[in-house]
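Numbering (UniProt numbering) for the sequence shown: 1 to 100.
Please keep in mind that the hints were generated in silico from the structure rather than gathered at the bench.
On a predicted model such as this, the values are computed, not experimentally measured, just so you know.
Positions of the beta carbon are idealized from the N, C-alpha and C atoms, including for glycine.
Check the hints yourself; a few may be wrong.
[To be verified] Here are the computed lysine to aspartate or glutamate pairs in the EDC-like style, where the Cα-Cα straight-line distance is at most 16 Å: (1) Lys-46 / Asp-4; (2) Lys-10 / Asp-40; (3) Lys-10 / Glu-28.
[Said to hold, decoys possible] Quick list of the computed label-pair ranges, beta carbon to beta carbon: (4) Glu-91 / Ala-44: 25 to 33 Å; (5) Pro-78 / Leu-49: 22 to 30 Å; (6) Arg-80 / Asp-51: 47 to 55 Å.
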Amino acid sequence: MFVDRTLTCKECGVEFLFSAREQEFYAEKGFQNDPSRCPDCRAARKRRLADSGQAPAQQQREMHEVVCSSCGVTTTVPFRPSGSRPVYCRECFQSQRRSY
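Could you put the whole structure together from the sequences, leaning on the hints where they help?
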């Protein structure tokens, strides 16, 4: 059982709440350390790292061109189709999902 805790930011020295819900999220993700920066300092640090090019770049997904198995339109998907299963465009995929 988690309870709200007050932590002190190592960067600005301000106290901030580490809620029970946040603690539960950290535990689910397998994080072992409590946050050491307040939310404002964390956001500022992320911006600084992104601006300086030091942040881990989000990789661009490799897209693959395919023909929709349902309507025949050419589209792109973020995976390499194996050919063993049908591949749908966004609209046909959504309509297939709704039918379940």
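Is it true that Pro-78 and Leu-49 lie within 22 to 30 Å of each other by Cβ? 26 Å Cβ-Cβ, so the 22 to 30 Å window holds.
Using the Cβ atoms, figure out if Arg-80 sits within 47 to 55 Å of Asp-51. Given about 34 Å between the Cβ atoms, the range is violated.
Hinted pair, alpha-carbon criterion (16 Å max): Lys-10, Glu-28. Please report holds or violated. Distance of about 24 Å is beyond 16 Å: violated.
Restraint status (C-alpha distance of Lys-46 to Asp-4 at most 16 Å): violated, 25 Å
Outcome of range test on Cβ distance (Glu-91, Ala-44; 25 to 33 Å): violated, 41 Å
Does Asp-40 sit within 16 Å of Lys-10, going by the straight-line distance between their CA atoms? holds, 12 Å
When the structure is compared with the earlier hints, violations turn up for hints 1, 3, 4 and 6 and for no others.
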